[in-house]
Amino acid sequence: MKQTDMDTRQKNKIFESYYGYIGSCHIENIIADQDNEGEEIKEVEFPKNIDEWFVKFHRKYRRKERVKKLNRRFKKAGCKVAVLLLLVISMGTVLTCTVEAFRIKILNFFIEDNKEYTSVQVKEDEESIPDSWSNYYYPEYLPQDFMLDNSEIMNDKKILRFIDGDKFILITQSPNGTNYQMDTENAEADKIVINDYEGLLIEKQENTTIIWHNEECSFNIISNIISDELMKVVKNLEKR
Amino acid sequence: MVGFLLVIEDENTRSKLEELYYQYHKEMFYIAYNILKDYHEAQDIVQTAIIKISSYMDRIESIKCNKTRAFLVIIVRNISYNIYNQRKRRNTMPLDSIEEIVPEEDIGPELHMIRLDQAKEMARLLSNINKTYADILTLKYFYEYSNSEIAQLINMTEGNVRVKIHRAKQALKKECLKEGALDEANRYGYQTKK
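Just so you know, the protein sequences line up as chains S and F, in that order. Numbering follows the working numbering, in which position 45 of the first sequence is assigned residue number 45; successive positions increment by one, without gaps. Numbering follows the working numbering, in which position 85 of the second sequence is assigned residue number 1085; successive positions increment by one, without gaps.
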């Protein structure tokens, strides 16, 4: 910076201070003038409707100020929340990369791609049907919160067990001709029709059993849920 | 808890504006009425001044002090002058032509002008020449408002504020020279601008 520029800036600063000082003297003069008119000011007839206006204006002013303050607070809090979120994400990333147990938990976030959207859903460790299975029936409808707990093959029987807490649905399917033995002592048995095929619904104590067959398979379904819900499950068995 | 604190804080702000109004409303009305001699216009001026000042409440530290009192006097009387001028159609010179007469560069700072012992007299002289000059100079350099803030406070354009500050400085310089400050300056060996 040139010396002359520095000099000019310094002089400007001095003059600004001087003008400020003149302003301060001007204020003293104003106050002196006003004090001279003190008595007349006291005697002035002040219109009351300005007071009424002021009360209304003040109410609006307070409301605006409150909104401004809230906005300022939200902005401040928003910054803090963003920093906190960033910290949590950073820590989560580091933990996922370094701790195996944590990584497994995180990877349980199952990502499912669809044509129109991607859905992310947290799932518990659900059993899945082995790849080797084919030509089996699987319920397309299940009561809410039921999930596959176990799937196994015993001889030529395929068994699927679905659970929701202490509720269960056990579906056994096998080629026609398989013999099923039922405990019908003190039980109520009714004939039912499922998808145009005749079947038998047996209710004993808390359990309901449905036995029926189509042209390929015989089914034995046992559950402790209400029979109407169980019927829906049975009617929606689809071949896979 | 946050809501409670918010209410308390808001109560403080409310009382500040209320305190200001009830402390000075008569004086504000008196100043406006003295200039305009019109009861209804004076009412309007008080309302306008309160609305304008309410935007700058955070700059007002204390209510019962000369600084705040003089600030209100300056705002009220300058809004009143503007209304008065509009009414009398005195201020007929368009802004463009006013700006034309202002040179590009500001008045060069000249040390010979500074006489601290005469500052009070200088302020009085400037006020006698034109109260608005003294008021705007005070708003700018004592209260430290920007040109746009001053313009908003006293219902003036920013260009007009700039012109008035320039003229205030010119008037001060003239008065200084008239009052013999030049001779003083020469005596102390300061160079003067010709």
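Just so you know, not all the hints are guaranteed correct.
Facing chain S, a subset of chain F residues (Cβ under 10 Å, in silico) [what the hints assert, rightly or not]:
1. Lys1026
2. Tyr1056
3. Ile1060
4. Tyr1084
5. Ala1119
6. Phe1142
7. Glu1158
8. Val1163
9. Lys1169
Think of the hints as simulated: they come from the structure by calculation, not from any bench. Model, not experiment: these values are computed from the prediction. Just so you know, even glycine gets a beta-carbon here, dropped at the ideal spot from N, CA and C.
The hints, checked one at a time:
no.	hint	in the structure
1	Lys1026	holds (5 Å)
2	Tyr1056	violated (13 Å)
3	Ile1060	violated (14 Å)
4	Tyr1084	violated (18 Å)
5	Ala1119	holds (5 Å)
6	Phe1142	holds (3 Å)
7	Glu1158	violated (19 Å)
8	Val1163	violated (16 Å)
9	Lys1169	holds (8 Å)
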